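Asks: Going down the list, the sequences are from chains E and R. Note that the numbering used here has the first sequence beginning at 1, numbered continuously upward. Note that the numbering used here has the second sequence beginning at 1, numbered continuously upward.
Computed cross-link-like contacts, SDA-like style, restricted to lysine to any residue with a CA-CA straight-line distance of at most 20 Å: (1) R:Lys205 x E:Asp88; (2) E:Lys120 x R:Glu118; (3) E:Lys51 x E:Gln20.
Far from chain R, by Cβ distances over 12 Å, these chain E residues were calculated: (4) Glu46; (5) Tyr55; (6) Tyr57; (7) Lys82; (8) Thr100; (9) Gly124.
Hints were generated in silico from the structure; no laboratory data involved. These numbers come from a predicted model, not from an experiment. We treat Cβ as the ideally placed atom computed from N, Cα and C, and that holds for glycine.
There are 2 protein chains.
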Amino acid sequence: MATVEQENHEKGDRWEARRQEIVDIAARLFAERGYTATGVAELCRETGLGKGSLYYYIGSKERLLAEIHGSVLNPLVDETRKIAASTDPPEAKLRRMTETMLAAIVHHMDHVWVFLHEWKALRGRNASSFRDKRRAVEDVLESILQEGVDRGDFDIPDLRIATLAWFGMVNYTYQWYRSEGRLSPELIGQYYHQLFTQGIFSAAKR
Amino acid sequence: MATVEQENHEKGDRWEARRQEIVDIAARLFAERGYTATGVAELCRETGLGKGSLYYYIGSKERLLAEIHGSVLNPLVDETRKIAASTDPPEAKLRRMTETMLAAIVHHMDHVWVFLHEWKALRGRNASSFRDKRRAVEDVLESILQEGVDRGDFDIPDLRIATLAWFGMVNYTYQWYRSEGRLSPELIGQYYHQLFTQGIFSAAKR
Chain E
1 MATVEQENHE KGDRWEARRQ EIVDIAARLF AERGYTATGV AELCRETGLG
51 KGSLYYYIGS KERLLAEIHG SVLNPLVDET RKIAASTDPP EAKLRRMTET
101 MLAAIVHHMD HVWVFLHEWK ALRGRNASSF RDKRRAVEDV LESILQEGVD
151 RGDFDIPDLR IATLAWFGMV NYTYQWYRSE GRLSPELIGQ YYHQLFTQGI
201 FSAAKR
Chain R
1 MATVEQENHE KGDRWEARRQ EIVDIAARLF AERGYTATGV AELCRETGLG
51 KGSLYYYIGS KERLLAEIHG SVLNPLVDET RKIAASTDPP EAKLRRMTET
101 MLAAIVHHMD HVWVFLHEWK ALRGRNASSF RDKRRAVEDV LESILQEGVD
151 RGDFDIPDLR IATLAWFGMV NYTYQWYRSE GRLSPELIGQ YYHQLFTQGI
201 FSAAKR
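Please build the complete structure, drawing on both the sequences and the hints.
Replies: In structure tokens:
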């Protein structure tokens, strides 16, 4: 017979899986119709839940939006901090940052669409938590760029613009990437990394 | 006494100015609340027009969305084609492209927000016209990059990814730019151009 702990754990896993499923469905709906235009009735219809059950899992529509943002940002904060903490040289860290960000984007296209378009709808603690985590990932990149400058590997006149330019180049992939397209995430990542580190000038122009 | 032509011209100018004003108000509303969530009643309240007058100026809510996209893209198609057609060397053309795109973004933050978030809501001729113009501006950049490759100035393994990376870096500015911030559009443009052409590697790393 299962212990209470085991039962709770099992219930916790199922509960968490169901929660994640609801978050994913909401991400698709918000991406298709927009956060404001998506009603609780529509969320209930698509998740197959009653209004009470939906709130039991999620709490509120804004909480659902915050969960979508968290499902993009929480793993990225952890993964990118691990990259920064490794003993790899800065260029190798930067390459892994590009791969990690691109994987997150192409595997969560709906979430990233909602993430980039609806963050202004977050309020209070949800808004500040979002800003803190977004800034944490930006800070990781900036620290890697700084490390490269300190070692003499990188030459960067403005770290903040370089950071935002990198996020622009990488994040914008959500606007045009198609999984059935010519370009694999691996190839895109390689080219991004080459562009960002070497630029487009030929040897003759340098 | 004014001729019919003069009267029509005068009427045309006022008409056009009023139309543009309506488009700008709609861009602000769509940026704040989303296209789907913004109702015709709200558009009437904010423009001070009755429903009939609104349709008289614009035709439909989707037409209004198409006008917002056009107000970003139409001048860009013209201006960027002029840049490409000039006798400047490719690097100078690329620099002017960066300046032109950044100016368009920082002077039309609401329009660009709507432009990048709501293009999937366009249908039929509005959708194909949008895609054609967006592609026209992308093609201008790609032609400048190709010209640089042909002259031996640029070394680019994949023109399409380089084009999309450039648009990512530049367009993404709409996510973070604030006119009261530390960074002027001119400075941002200079750094973007330097990053894209030279990358971040120091001379020692090349």
